[in-house]
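Model the full assembly from the supplied sequences, consistent with the hints where possible.
Here the protein sequences line up with chains A and B, keeping their order. Each residue of the first sequence is one higher than the last, beginning at 1 in the working numbering. Each residue of the second sequence is one higher than the last, beginning at 277 in the working numbering.
Since the hints were derived computationally from the structure, they do not count as laboratory data. Computed from a predicted structure; not experimentally measured.
Derived DSS-like pairs (lysine-lysine); straight-line CA-CA distance at most 25 angstroms:
#1 A:Lys127 - B:Lys300
#2 A:Lys233 - A:Lys174
#3 A:Lys174 - A:Lys83
#4 A:Lys228 - A:Lys202
#5 A:Lys58 - A:Lys127
#6 A:Lys127 - A:Lys154
#7 A:Lys195 - A:Lys233
#8 A:Lys58 - B:Lys300
#9 B:Lys300 - A:Lys110
Take a look at the letters that make up each chain.
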Amino acid sequence: MERLFLFVYNYRAFFTLLSLEVICSWLILQNNQYQSSKYFNTSNAVVANAVATSTSVKQYFGLREINRELAEENAKLHQLLVKQKSILLENKLSIIDSSKLKNFTYTSAKVIDNSTAFSKNYITINKGEADGLLPGMAVISAKGVVGKVKTVSKHYSVVISILNIDEQVSSVIKSSNYFCTSQWDGFDPQVVELKYVPRHVKLIVGDTVVTSGYNAVFPEGIMIGVIKKYELKEEALFHDIRVELAQDFAQLAYVDVVKNSLKKEMDSVESVLIKK
Amino acid sequence: MNRSVIIQFISFFFYLLFQVLVLKNLVLFNVAFCFLYIVFLLSLPIDINPLLLMVIGFLLGISIDTFYDSLGLHAFAMVLVAYLRNYWIAAITPQGGYDSGTLPVLDTNGIQWFLVYTIPLIFVHHFVLFFWEAAGFTNFWFTFLKVISSVMFTLMVILILQFTFGNRRRI
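Structure follows, in structure tokens:
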């Protein structure tokens, strides 16, 4: 026994290394999951405050651009509202189920931290549990898909950016209605990969790719981007497609968090099917 | 508590804040990162207890991780560098050895020794960091480009800082 202790003592540096590295590895693996640690990330109030201060200085220099984008979005929404009103008046639509009408609710949030250069990028926003946010909610911007909420604290949340090699978004090619999956490959923060589009599908450069609405996270028809180029290798089962993102992530300033009030219902119906 | 411990304690927070508030926003061409905080670990006294060094590396790494949303990643790389550091210092002992209590900085042993000391350790740190972050070797060359360019960027900033502020240690 004594020799064992002596052995451990002699190699104490190595054993400390081992135990610390095991702790670190465990933390890394934990962090890759949804709802991981609640305190050691940028949604922690102290950390978020510091980050927000540094970002507010940075964003000060981009105010002109942000202003222009917000004004554009405003105009677009205004137009949409007018159109919607006229349709409602014309058809005198009777709404049967009001819960369907209020299916998606939006919460606007400000981006206080963002990165695009890592393989796993996260965004921190200034809304949290107190504003009704929950892990798993979709995050979009005026231009397109942004990501999914990962962890929430009281007033801040961390969002898994679509520029994260682990994040997949169920999508659809608008012109042909083909169902596929968007995933980032880790290279260019402007371009994502479109996977699982079979050989026989005809593609055109410039085709729009939007969210499919097949899972209860993203609403249907949210813009992802346009096809930049595609390639079909010999023996490959699927096309090799690059999609240029509609949202420039380096310029992200304001986002909307989407709450799907029917998510529980949709998931429970689907889980019954899965169980069988 | 002597004076140098207090200075080290303050510089721990200085490097941490400088990293997460300034350098975090500074990524060149989307590939070159500057992880200056590693120089805090590298410039601790030569004869520091290796266990203490690893614990300090772990704490600094975890603090950085909290800001980068990458829990455990920087800590892992830092602990490894902390472990290797003292062996590496012993391996590259110049003729005549080190005086006890000196800091392994540019002014103590000259630029040539300093480069031999820092480059491999920074490389190990960045290599572990980027390849674990990229979840393996799938994009090997792109990740390797990130490693190499970040090593150069970090080293450049370290050298500039050592040349400008380092001479207070000169007698």
